Amino acid sequence: MTDEHTHGPGADEHGAMGTLHDDGGRAVRTGRLYGVLAEYDTPGELMEAARKVRDAGYTQFDCYSPFPVHGIDEAMGIKRTILPLLIFGGGCTGTIGGLLLQWWCNAYNWPWNISGKPAWSIPANVPIAFESTILIAVFTSFFGMWILNKLPQVWHPFFRNERFNHVTDDAFLLGIEARDRRFDAEATPRLLSDAGALSVDNVYLDPDRASRQMPKWITAFIVASTAFALIPFAIAAKARTSRSTEPHFHIFPDMDFQPKYKSDQPMDMFEDGRANRGELAGTVARGSLNADDLFYRGLENGAWTTGFPRQLEINEQLIRRGKGRFEIYCTPCHGYDGRGMGAVPQRVAATGGAWQARNLVDASNPVVINMPNGQLFNTISNGYNTMMGYAAQIPHADRWAIVLYVRALQRSQNASLDDIPPDHRSGIQMPEAPTP
Amino acid sequence: MSALQKSLNPEEKYKAGKLGQGLTRIGLAIAAVFLVVSLVLGYINGDHWKRFLYAYVVAWSYIFSICVGVFWLVLLHHLARGRWATVVRRIAEAMSMAFPIVFIAGLGFIVPLALGYQDLYYWAHPDAALCLEKAGTACHEYLHPTLVHKLGWLSPGFFTVRYVVYGVVYSAMAAYFMKKSRQQDDSGDPKLSEQLRVASGPAMIVYALITCFAAFDILMSMAPKWYSTIYGVSFWGSACVGGFAALALVVLGIQRTGRLTHSINPEHYHDIGKWMFAFTFFWAYTAFSQFMLQWYGNLPEETVWYKYRLFGEWQWVSIAILVGFWGFPFVFLMSRWTKRIVPSLVFFAVWQLVFHWLDLYWNVMPSYDWLPSFHGATQIVTGPLTGNTAYHHVGFNALDITVWIGLVGVLLAGFGRNLHGNLIPIKDPTLGLSLAHENL
Chain A
1 MTDEHTHGPG
11 ADEHGAMGTL
21 HDDGGRAVRT
31 GRLYGVLAEY
41 DTPGELMEAA
51 RKVRDAGYTQ
61 FDCYSPFPVH
71 GIDEAMGIKR
81 TILPLLIFGG
91 GCTGTIGGLL
101 LQWWCNAYNW
111 PWNISGKPAW
121 SIPANVPIAF
131 ESTILIAVFT
141 SFFGMWILNK
151 LPQVWHPFFR
161 NERFNHVTDD
171 AFLLGIEARD
181 RRFDAEATPR
191 LLSDAGALSV
201 DNVYLDPDRA
211 SRQMPKWITA
221 FIVASTAFAL
231 IPFAIAAKAR
241 TSRSTEPHFH
251 IFPDMDFQPK
261 YKSDQPMDMF
271 EDGRANRGEL
281 AGTVARGSLN
291 ADDLFYRGLE
301 NGAWTTGFPR
311 QLEINEQLIR
321 RGKGRFEIYC
331 TPCHGYDGRG
341 MGAVPQRVAA
351 TGGAWQARNL
361 VDASNPVVIN
371 MPNGQLFNTI
381 SNGYNTMMGY
391 AAQIPHADRW
401 AIVLYVRALQ
411 RSQNASLDDI
421 PPDHRSGIQM
431 PEAPTP
Chain B
437 MSALQKSLNP
447 EEKYKAGKLG
457 QGLTRIGLAI
467 AAVFLVVSLV
477 LGYINGDHWK
487 RFLYAYVVAW
497 SYIFSICVGV
507 FWLVLLHHLA
517 RGRWATVVRR
527 IAEAMSMAFP
537 IVFIAGLGFI
547 VPLALGYQDL
557 YYWAHPDAAL
567 CLEKAGTACH
577 EYLHPTLVHK
587 LGWLSPGFFT
597 VRYVVYGVVY
607 SAMAAYFMKK
617 SRQQDDSGDP
627 KLSEQLRVAS
637 GPAMIVYALI
647 TCFAAFDILM
657 SMAPKWYSTI
667 YGVSFWGSAC
677 VGGFAALALV
687 VLGIQRTGRL
697 THSINPEHYH
707 DIGKWMFAFT
717 FFWAYTAFSQ
727 FMLQWYGNLP
737 EETVWYKYRL
747 FGEWQWVSIA
757 ILVGFWGFPF
767 VFLMSRWTKR
777 IVPSLVFFAV
787 WQLVFHWLDL
797 YWNVMPSYDW
807 LPSFHGATQI
817 VTGPLTGNTA
827 YHHVGFNALD
837 ITVWIGLVGV
847 LLAGFGRNLH
857 GNLIPIKDPT
867 LGLSLAHENL
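Those protein sequence lines, which keep their order, are chains A and B.
In this text, residue positions in the first sequence follow this note's numbering: the first is 1, and each later residue adds one.
In this text, residue positions in the second sequence follow this note's numbering: the first is 437, and each later residue adds one.
Take the hints with a grain of salt, since some may be wrong.
The calculated lysine-lysine pairs, modelled on BS3-like cross-linking and capped at a C-alpha distance of 27 angstroms, are [what the hints assert, rightly or not]: (1) A:Lys117 / B:Lys743; (2) B:Lys454 / B:Lys615; (3) B:Lys586 / B:Lys486; (4) B:Lys449 / B:Lys615; (5) A:Lys79 / B:Lys442; (6) B:Lys449 / B:Lys616; (7) B:Lys710 / A:Lys79; (8) B:Lys615 / B:Lys863; (9) B:Lys627 / B:Lys616; (10) B:Lys863 / B:Lys442; (11) B:Lys586 / A:Lys323; (12) B:Lys451 / B:Lys616; (13) B:Lys586 / B:Lys442; (14) B:Lys454 / B:Lys616; (15) B:Lys442 / A:Lys52.
Bear in mind the hints are in silico, worked out from the structure with no lab data behind them.
As the structure is a computational prediction, the values presented were derived from the model and not from experiment.
Excised from the complex, chain A in its bound form:
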């Protein structure tokens, strides 16, 4: 505000031109009368005043408060907002859009067989449809609220009034615009005072038209940033429709090409030309000493052991452990009975091939039966022919448990009824009756 006192050009139809004094008693530049602004002490009084203004037939007025006041809509005679309907529409759009998106991606444009699952299945699509419903509904609600409230509004004539600065803090204000058909320069402020206003002020438009418009630089900024934001899309569009021999863009080249060596890269600085310096002679990595030949390699005095390491207690629990590990790691090829016809060989057979894994329990060709325990352990650890080693997947003790279980399997697969304790034999002869 300035000390300058001027009469703006062009008085309005009410002829209301005046000088407004702020708290310091200084005259501020005034122009055409925009409206009157009244302050009330409590939300309740504001609501009462709004009711009176509404009943007097005013339509171009608004209430300003630091927080939402329940019931103010009814007091002001505002029609209910159509926003809920818009949100409902947005939500439905989200649901249908989400479903269509999934149908188009998964079932129509690029159907992809994942473990034989159907490409289109409603339950699997519900979470995405739910999320897109929420997303579009929330966007509609957020931006719809802005649009219906004519936001963003960076400038308002009431901003020129000192009291208005408190509206986000503790002031309850009611403003009536001069363009209301019922507006009267004398009757309107009186109505507001009679409704219990603490004060009633006239508010004038700034005569300087430029001050009521958005600054040019903001417009320029919005246009420039919008154009700038389109650049990546333009590049993507160009790349889709043209060919180029140039290498890829590197937005962060120092991240893509870091000044460091990886273990398999060459390096001229060393005589052997490698960046990797290997282990120093005589050092052992933590946890890799494994000095116990029997436990870690199945060797006893340089030959395959026929026993088991002392660390392991041979009992039923260990056999069960071995059974579990065997059924996880070995059965895909060797089968549950160890005869070499697991799921993989069955699949090979089903596709017309002929391959089977080693029969571990074959008594007529007892290669595996005659193998010492240590050799079995070594085979599990390091593999044999096309079988890969399982040292990385299975800890040492579990490998021994598997050896133990394979021994039990060899015994059971070649057993006769006499091997079974007499009190357990009855159940085995009994055929299983079918379930209804």
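Fit chain B to the supplied structure of chain A, relying on the hints for placement.
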């Protein structure tokens, strides 16, 4: 947020008078008549009371869940320093004070169980323990390890102990909130509100835990092999739909007697309706979460529960619940007007109370058919959810209706017993705000 207060209308009739006694008498009469009829029907059924007890568990879960739903409003109101619900809080307190009588009524199936009845819960059947004896050796397909590990928890003795604990804790909490609230009617001491606010936090935690465990024990263990950790939450969602629907009807019933006609208006019905709507969706959300994870995971011990609900006769009940308990009320309760126009809200409250019952029926009854099977030479009972889905029937029975009405009579009696004195907390500091409550 409004700073507007209103004071109680001097013409308001807020004394219960004879209302409570009348309700108790009517409730007890209904209970007596319908439970006697049910006993006769149960006896005629000639299945050693199995069908009767299944109907009893469904109906009991129903009245229990309504108390659970209503009591939640009391706890939440204090915990969140609620204001709108002050005018209906006393009614909610009186409804949740039906807990003791509800838990006494539950003895109707707990006592037979404790005395060794085997055909209600499969885990109480000796065949369920066969696998324990044969641990590790060949088990029947049904005698799954998940069941073996549960048999310690699910034993009739321990189950009964837990049931008593649930009953005592629920009743004690409801009684505490009722008592302090009534004390405030006399003294008007605002510190009592403070005390209840402090108590509501821990009470909410205890409430959440025992509600989950009660749902696990009484409903989920109907299919003892199956498990779902969200089951208790889903049950609670369904319970709150029933609770708020019942609250809306009870408030309307009281207003019909000429009481509270000035204090409770469509603004309050609107908020009750909002909660009903919110829990309708919350229930659907949790129920679908449970379904989708198990459907996607595709593990036999989990999908078995849905197998017998999505195939055979039960699929029609499943579809009815999806559409009736969620789809239809969800779409229509979304609007502000269906909640504010009282006849419309009442329609949806009745609707949801019916479908809440169907939901509980759908949770319990697929476990009814136990098929015989053979284990070696011996015939054993394989328990619920086994065999061909074609052998499993929805099998509505007159007992479902008679026991249900009978136990709702018990609920009304338990409610009426506490409906005395003031029907609104007349000296609650937030009463003025609640009376002036308006929705944005």
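key: Proposed proximity, Lys616 of chain B with Lys627 of chain B (alpha carbon, max 27 angstroms)   = Given pair Lys627 of chain B, Lys616 of chain B holds - Cα atoms ~10 angstroms apart, limit 27 angstroms.
task = Compare the distance between the alpha carbons of Lys449 of chain B and Lys616 of chain B with 27 angstroms, and conclude whether the hinted pair is satisfied.
result = Distance ~22 angstroms between Lys449 of chain B and Lys616 of chain B Cα, so the pair holds.
key: Pair hint Lys454 of chain B and Lys615 of chain B, alpha-carbon separation not exceeding 27 angstroms   = 20 angstroms, holds
task = For the pair we were handed, Lys449 of chain B and Lys615 of chain B, check the Cα-Cα distance against 27 angstroms.
result = Roughly 22 angstroms separates the two Cα atoms, so the pair holds.
ask   = CA of Lys79 of chain A to CA of Lys442 of chain B, is that 27 angstroms or under?
value = 25 angstroms, holds
ask   = Are the Cα atoms of Lys615 of chain B and Lys863 of chain B separated by 27 angstroms or less?
value = 14 angstroms, holds
Given hint Lys743 of chain B paired with Lys117 of chain A - CA-CA distance at most 27 angstroms = Holds. Lys117 of chain A to Lys743 of chain B sits at ~18 angstroms (cutoff 27 angstroms).
inquiry  = Between the alpha carbons of Lys586 of chain B and Lys323 of chain A, is the straight-line distance 27 angstroms or under?
reply    = 25 angstroms, holds
inquiry  = Hinted pair, alpha-carbon criterion (27 angstroms max): Lys863 of chain B, Lys442 of chain B. Please report holds or violated.
reply    = 13 angstroms, holds
ask   = Within 27 angstroms, alpha carbon to alpha carbon, are Lys710 of chain B and Lys79 of chain A?
value = 22 angstroms, holds
ask   = CA of Lys586 of chain B to CA of Lys442 of chain B, is that 27 angstroms or under?
value = Answer violated: Lys586 of chain B to Lys442 of chain B is near 56 angstroms, above 27 angstroms.
query = Has the given pair, Lys442 of chain B with Lys52 of chain A, been kept, meaning a C-alpha gap of at most 27 angstroms?
reply = Satisfied, since the Cα-Cα distance of roughly 20 angstroms is no more than 27 angstroms.
Going through the hint list in order, the structure does not satisfy hint 13, though it satisfies all others.
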